[in-house]
Structures are given as C-alpha cells and as structure tokens.
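Asks: Residue numbers (the working numbering), protein chains in the order written: chain A, -10 to 466; chain B, 3 to 474; chain C, 143 to 234.
One should not assume that every hint holds.
[Claimed, not checked] Result set (BS3-like, lysine-lysine): computed pairs, CA atoms no more than 25 Å apart in a straight line:
{"#": "1", "chain 1": "B", "residue 1": "291", "chain 2": "C", "residue 2": "200"}
{"#": "2", "chain 1": "C", "residue 1": "147", "chain 2": "B", "residue 2": "81"}
{"#": "3", "chain 1": "C", "residue 1": "200", "chain 2": "A", "residue 2": "248"}
[To be verified] Covered stretches of chain B, as calculated for chain C (at least 3 residues, CB under 8 Å):
{"#": "4", "region": "30 to 43"}
{"#": "5", "region": "136 to 146"}
[What the hints assert, rightly or not] Chain B is nowhere near these chain A residues, computed Cβ spacing over 12 Å in every case:
{"#": "6", "residue": "-10"}
{"#": "7", "residue": "52"}
{"#": "8", "residue": "74"}
{"#": "9", "residue": "129"}
{"#": "10", "residue": "217"}
{"#": "11", "residue": "251"}
{"#": "12", "residue": "277"}
{"#": "13", "residue": "444"}
{"#": "14", "residue": "466"}
Treat the hints as calculated values from the structure; they're not laboratory data.
Every residue, glycine too, gets a C-beta built ideally from N, C-alpha and C.
If you want the building blocks of each chain, they are given just below.
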Amino acid sequence: MDLCELRKKLDGGDIGAVELTKEYLDRIKRFDGEINSYITVCEAEAIAQAEAAQQVIDKGGSKPMTGIPLSVKDNICTNGVRTTCASRMLEDHIPIYDASAVSRLKNENFVMLGKTNMDEFAMGGSSQTSYFGGPKNPYNTGYVTGGSSGGAAASVAAGLCAAALGSDTGGSVRQPSAFCGVTGLKPTYGTVSRWGLIAFASSLDQIGVCALSAADAGYVLNSICGRDCNDATTSPIPSGGYTSAVGSDISGIRIGVPKEFLDGSTDEVKAAVLEAAEYYRSLGCTVKECSLPSLEYAVSAYYLISSAEAASNLSRFDGIKYGHRSGLGEDYNELIKSSRSEGFGREVKRRIMLGNYALCSGYYDAYYNNARRIRTQIRKEYADIFSECDVILTPTAPSPAYRIGVQENDPVKMYQADICTVTVNIAGLPAISTTCGYSAEGMPIGMSLIGRAFDEKTIIAVCDRFERDHERRECVL
Amino acid sequence: MRYQPVIGLEIHCELLTNSKVFCTCQNEFGGSENTRVCPRCSGMPGTLPLLNQGAVRLAAKAGFATNCTVNGYSSFDRKNYFYPDLPKAYQITQFEHPICTDGHIDVAGGKRIRINRIHIEEDAGKLVHDDYEGVSLADYNRCGVPLIEIVTEPDFRSAEEVQDFVTQIAQRLKYAGVCDARMEQGSLRVDVNISIMPFGSEEFGTRAEIKNLNSVKSIGRAIEYEIQRQSEILDGGGKVVQETRRYNENRDDTKPLRSKEEAHDYRYFPEPDIPPVLLSEEDIEAIRKEMPELPHERSKRYTEEYGLPADDASLLTAQKEFSDFYDEAAASEPEYRMISNLMLGEVSHLLNETGSDITEVKFSPAELAKTAKLAADGTVSKGAAKEIVSIMFKDGGDPRRIAQEHGFIMDTDASGLDEVIDKVLAENADAAEKYKNGNAKLFGFIMGQAIKACGKSANPALIKEALNKKLQ
Amino acid sequence: MVDEKLTAHLAELSKLEFTDEELADMTKDMTDIIGLMDKVCGFESGAEPYTLEAADYKALREDKYEASYPSEDILRNADKVKNDSFVVPKVV
C-alpha cells in the first residue's frame, strides 16, 4: 500500500492512526533486535503523536503526513529526543530544537517512531562504523545495509516504518536504499533545509527520503521541502508537486547512460542497469551513451571537500558545551584532546585528519583548491550532458551489498566504492535509486536516475514507471 | 642608536546592530551569563549562520567613512582554531573577499594612511577565571556580536600619527552610527603591529603585535615602550621575536602573551553555509545616501563657510552631539564665531565642571544662538553673554528675559555717563595723571573701574569712547 | 608518503591524540588515503574553484532581535556548569 492509499484509509477511518503506529512498534519489537535499524525507539512519544494525529483526522483536518509513521536518521535533531549521530561523542545528546524537516512534519502531525542507525557522523558506506553496532540487511542479515543511512533503508525494507528520513552527502540515502532494495531520493541541494541536520559536509549534505517507491519518496519530499529562513542555502525556487508527473507518458524522454559509470561495476550490476536501459527504450524513451570524463577525479575531489568541511564542522565537539567529556586532561588542550579521542571512532578521525591535511598550509592549493576546480568541471560536464538528455541512468553502486566485515578496514576500497554516487552531490543534482535486479546471492541491485537541478518531478516519474513494471521482492524476516 | 618605528593597525569595532551577526539574539553589552544565547551562537550541532543585513550595511558605512571601495561581491570564510571562547572552534570572517578595500585617512601633518581592508566577522565569548576552582567559566553572550576589522598598511611612523588616526576612526564611526567606539568597554579594540628599523633603511624589522590597549593614551605609551624595548634589543645585538604582547596599563609595559594555538595554521576556507553577498550599485548608493556629514567634512565647512579657525572647528566636531548642537544653533542665527566661542568657552567649561553631556543641557541650540546674537549686536556685553549662558545652564530660560531681569542690557545713551566718568577720574586722579604722562598700561585699569561703576548694564564701547575724550 | 611527523602535526591540528601504535596505524591509513587523493594534483583545466552561488543583499535577514533561549536550555547538555557558565579547565 503506498502512502497515497494509506492517507485515504486513515482519512476514511479504515485504519486508525494509533493502531497503525502500534503495528509498526510491534514489528520493531519483533524484528529490530536482529536488524538494529533503530538507535532510539520513541514508543510513548509515537503513540501520543498518533493519538494527536487521530484527533486531527477525526476533525477532518488531516494533512498529507498526518498519522503516518516515519523513522528519522539519528543525525537529524529532534527536540527532547536524543540525537547521537551514532557516535559515543553524542551518546547522551538531547537537542533543544527540532530540525526544520522534522518541524514541518510535526506541523502535519506525523508520527516519529524513532531514530535510525547510521555510520558515525554519516561517514561511511556500510553503517558499520556506528558506535551502537551496525544494522543488518533485511534481505540477508549477514550483509551490510550500506550507508550511511543504513538504518533508514533497513527500517523501510523491513517494514519497520512507512518511510524514512535519511541524509545524503555522497550517496548516503541512495546506496543503502540500493543495498536494502528500497527507493532512495536525494533532492537537489537547497531543496530541504539543513537546519538541524548535524553537519558532515555542509556544501554536500542534503536530507533525503527512503521509501517503498518513488511516488512515496516524492510524497514525503512534498512535506519537507522548501525555502527555510533558518538555512541560507535553501533555494528560493518554488518547490513541491514532486509526484505530479507520476503516471504520465514518459516516451520521448531522453536518457543518457554515461559509459564511465559502468566500467567499474560488476557484471551483474552492469547487466541489470543495461537491461533497465533497454526497458526504457522499449517504452519509447531515447537511450544514448554519454560521458562524464572527469569521473576519474570525483572520488578524490569528493573526499577532500567533504573531509575538509567535516574537519571544521566537527571541531565544535570538545566535550565542554555538549557531548562526551573525558575524565582525563588537566588543562583545556589536554581535555579536548582526550574527549575527542575517546568520543570519535576511527573512521571519523581519519576524515578529520584528511580534512586538515587538505586545508593546512602547503597542501591547500594542490589538494583542496584542485578539488574545488574539479567540482566546477564536473558541474560543467553534467550541464553538457543535460543539454542533450533529460535524465541520466547509472548504477547506484558498483556492486550489491557485501558481507559484514569484508571491506571495513580498507578505507581506500571503501572510498572508491562511492564512485557512482558522489558526483551527484558534487554537482548538487537530484537523484533517485531504485531496485533494478537481484544478484545471484539474492541481494538487490540498484540503479540511479539523475535529473536536472530542481527537476525531481521527472526522475520520480521515470523511476515510478520502472517500479510499476518490476516487482520488488519482499524480504523475509 | 635611534630607530624608525614602522606601525600598522588592526582595529576591531563592534557594530551597533540590534541583533547579532549570525543569529537573532540581541546585540547588547553585558548581561547575566549566557542569557543572550541561542543554539546558533552557542554553536550547537545542526545549526547554521544567518547573516544580518544590518551588519553588512554598517560595515559598508564604515567603508564610506574611511574612503574605501565598498565591494559588490564579498564572501565569508572560516578561520579554524580551538579556544574555549569560540564555541564552533572556527570564527566566521571574510578572508578572500572582504566587503571594503583600499581606503585611507589623512592624519595630522597631512600624511595619508592607507587602509588595506575592512571585513566583517563575529566576536568571541568571554572567559571569567575562577581562581577558587582553578577553572575558567565560559559566557557566550558576546559570541556572534558583529565586528568589523579595519586593517591598515604599515604607514605610521610615530605614536602621534597612530593616536590621531585612532581618534579620527572613533569619531567617524560614531558619526556614522557604526560603532559607539568605547575603547574602555572594548567596543573598539586596537592591535598595534610595530617594528623598528634604522633610519634610512627600507627593510622593515620583525614586528610585535600589541594587544589590550584600551585608550588612546595607552596606545601612545605602549608604542613608546615598544620602541624603547626593541631598540634596546637591537642595540644589544639581539633579535626581535615575532610575537603577540599584552600591554599592562598599571606597569606601563608589554609582556608576551601565550599564543592561542601552537600550530598557528588557521586553515581558512570558504564558509559553505553562507552564500556570498551581492550588493548592487543601487544598494551601495542607497547606503551611501544614509551617510551623515563626517567630522572632517564638518570641520572643513566650519572653516570655509563659517570662517572659524581650524582648531576651533576640530574642537567643535570632536563629538557628534556637540557638533550637532552647534550646527543647529548656527542654523538659527548665523553668529558662527560668537556661538563657537560660547560653546568652546562657557558651555564646555560648565559641561566639564558638572561632568555632563551636551545632550543634557537645559537650553536649546536656538537659545544659545539668541544669546550669541545679543552679544554680537551689542545688546549685552560678551561678559554678560557668558553669564546668561551660565544662568541658562543652571535653570534654563529665555536669554533676552534673563538679560532684562539681570540688568545685562547695555546702556545705549551716554547722557548719565559723563557724570560717572568724572567721578571715577576724580577717585583715581593719580592713575589718570600717570596715564596722561605716558603710562598707557593704566588705561585698562581705569576702564575697569569705570565699568564697575556703571554696573551690569555697562556698555564698554561707550565708556571707552568717553574715557578717551576725557583723558586726551 | 606520509610520515609520523606529519601525522602528529595533523593530530595536533585535529586535537586528537594517538598512542604510538595508533599513530603508526593512522600513518599507514593516511599514506593510503592521501595516495588516492593525489589524483587531484594531476587535474589540469581552466576551471575556477567552485563557490556557492551569491545571494542578494536585499534577501538577507532583517536586523531584528528575538528572545534568546533560557540559559538552562543552553547549558542542558554540558557536563560541567557553574554560575550559569560552561566550566573549562585552565587554558595553558
């Protein structure tokens, strides 16, 4: 049942908001011990919110999200509910304000089931760097969920929420969605306010949605998008109406397939993506090969920019105003070093170190500034492609989900696996990932559709069309 | 050996905005600990800065006040360092593209001091040392108070030039409503970069940076101390160390300050949370139109149009309110010189004596102008005019009525005068005789006696005329 | 090639401390990672470094103040508080 239908059933009285929430809470109790998609479950709050939502519904005043139970990634601030970033640093951190995305949902009386697991400070592609232990893939609990929004994607895949808010800095909504066989939407930079999203890399971060379908993802986005006076980087361009093209004829749409993205992918992934291209061709879309020549620089540029910003963004964690405060350290300098060294995990430390390397004198121009030049170049190359195409089709990841414990200790390999997703953030574009096949091991394979800036509507419609003709395999818990 | 000092300044000024630079907390001095703080200015996770238009406007005005170019494009950067008064562990500032560039101010002697740039940044919080527990207590009320930093070229060659420059900057910023420029409260803070080199040399020496200068006087003393200190080092064959030093007013010396961060690598990079700011030509022009007449411009008007001596003009314009008062008075009666004399004489004297401010006086600029007019047209004497000012200062009132009530209106008919003069000359026959025999100095004495005899309404011009006749 | 001296310098900038063993591990990680990053040094083009799109002065926040947060909320997540202030050990 999609969210539109759920809305009708809630409004029509076929389903009660409290019963619906209790059903999800019950599933969380039954299954999340194994999946570990939630860090914090808000049972009492969720029921109270559902009761409030039901009252609104009973009065006939429901809004699109009223009574719909969502999960929220644990790097999105929730007033009075602990927000940990899956880090020891913020293990007990209770924000005193709501992220704008959350307050918009609260204005519609949504239900927040809890806060989902993730890579520590959203730095990773497996969610295994979580201080609270990594989540497990609902398709096969021996496999990673992907990351960093691994908990969000797993919570959707396992039916532990109706949809989920995640965040995407370099693929963190799309890649776990691909790994967990759900749909992940990363909006154009500036579409959703970052106010209250605990910053990883400010110029790349964007709140996104994991859902069971493209239409659902667009449905949720409609309620969280738009200019926010709290975030100067939100766009003044009018937002919303993201599902308005769903169901429309997509023949004539020009789909570009950049050859560089397929080169590094496994045969299974390549075959699944090319098959999807054939499917679109059969619908009357134009499918043509295109090129993003600077892709080879993308991973390095992405890691330099994101780590530089992260090093600065994470400097505020010193244990004094909030966060983990060490018992060691006689003076200020010693105290903050111990607090940070105890509070941050290894991957976070690597990124901070790398970021300071990129920014420190002597290296700044060769690394950080060159990464910024590459960013300009990649944006230009995308603009070139979009002068001839409406949508770009790529794999979401070079391979499907892998076994837990395989890649985590090889940072370079982990970083290189982000090749398919990072350019979208570098260029600030919208992209949506959906399942386009399954591996021999039965793990989902994801493809991504990238759109022009602020043209979420088109990629959602194109993605929706595919989803209607390709059945999603339910995961068996 | 005597050396040539080379000095440049960095001046931080707190802007007179209503709210802080990146959040909506009130911008105000003092207050109980952490009461003017929000998630933004205390750097809580997930928060983002929101640039205050008023801060940009005032920074542009500071540019206009110092002959800078106000740039259509300016942007923000992060300056990264750890210090407990800086909750985000970076200061948002303008590094690459400051709002104002290439200005200047001429100091006494006509020398031009170049201003390299003016940029916007945020102030840090305050640390109070708790000696009882041996800790510091961080208060973030001041975090995010908008600052501009004015950076000069190293164009100063003496303490006097620096003092004149700082005085002018403070005056101009106050006039423009940019900053209240209270050095003692820290709303204007001057850091002095100073080095010395042998006279005639073109190569600058190693500089020291002096902080904690909270008056123009301290600046002069600290510079003199530093010249002395560095000279002694060079004379002794030593080398000046590049460091930051703190001026101690009580000891009148400077001592090295511990550095904020050993590494000293601020890792500046463009602030990703704040889009660069575009000021259109119309925006810039609109801000320029809001600029009031500045002290040096007023001073020029006073000398050129009102014919005042340069010294008087600069005294009148030192304080904006004082100068505003003069302007209003001058507008009501064009007795420019007389009004100026009264303001710089009796009014200033009374203000000093009572420790009060021109904005608090009981008479209006028009009333002062009227008093000046009475003196100028001979209705009252200049001495009486001062007394009228003094009476108005104490109790207020209309100057002409005061003159009448106190009998200050000068006699205009000389009919009774001969009699009085004869009496005075008779009483001072000895002096009168000596004067006639050539002791010219005694005229003043006789004149004084005559004025006394005539009372409050004495008309010095008429008395002088009558005396001259009689003593021929 | 990253040596331990550079790693230690970066650790100081990052306000992180490592045991000798950790420092050696981190040095190896940094060597590998920076090896990957070196790719950007070979990038040549006339492209200018990317910057955010500029915003209009008129769209900036109007200069009005609003109520601040209660100090107890501001201090709520702090581990050590005294006199409504954050407690910081002596800065040496």
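Asks: Hints first: check each against the structure and report whether it holds.
Replies: Hints, verified against the model:
Between the alpha carbons of residue 291 of chain B and residue 200 of chain C the distance comes to roughly 16 Å, so the proposed pair stays at or under 25 Å and holds. The hinted pair formed by residue 147 of chain C and residue 81 of chain B meets the criterion: a straight-line CA distance of about 24 Å does not exceed 25 Å. Of the supplied pair hints, the one linking residue 200 of chain C and residue 248 of chain A is violated, its CA atoms being roughly 44 Å apart against a limit of 25 Å. Proximity of the region 30 to 43 of chain B to chain C, defined as three or more residues with a beta carbon under 8 Å from a beta carbon of that chain, is established by the 8 residues found.
Proximity of the region 136 to 146 of chain B to chain C, defined as three or more residues with a beta carbon under 8 Å from a beta carbon of that chain, is established by the 7 residues found. Residue -10 of chain A, annotated as away from the interface, keeps every beta carbon of chain B farther than 12 Å; the closest lies near 33 Å. Distance check for residue 52 of chain A against chain B: the nearest CB is about 25 Å away, which clears 12 Å, and the non-interface claim stands. At roughly 8 Å from the closest C-beta of chain B, the C-beta of residue 74 of chain A falls inside 12 Å, breaking its exclusion from the interface.
With 12 Å as the threshold on Cβ separation, the claim that residue 129 of chain A sits away from chain B holds: the shortest Cβ distance comes to roughly 34 Å. Not every CB of chain B is more than 12 Å from the CB of residue 217 of chain A (nearest about 9 Å), against its label as outside the interface. Listed as a non-interface residue, residue 251 of chain A keeps its Cβ farther than 12 Å from every Cβ of chain B; the least gap is roughly 32 Å. Non-interface status of residue 277 of chain A relative to chain B is upheld: no Cβ of that chain comes within 12 Å, the nearest being about 35 Å off.
Separation of residue 444 of chain A from chain B is adequate, the least Cβ-Cβ distance of about 22 Å exceeding the 12 Å criterion. The beta carbon of residue 466 of chain A sits about 33 Å from the closest Cβ of chain B, which is more than 12 Å, so the claim that it is off the interface holds.
In this structure, the earlier hints numbered 3, 8 and 10 are contradicted, and the remaining ones agree with it.
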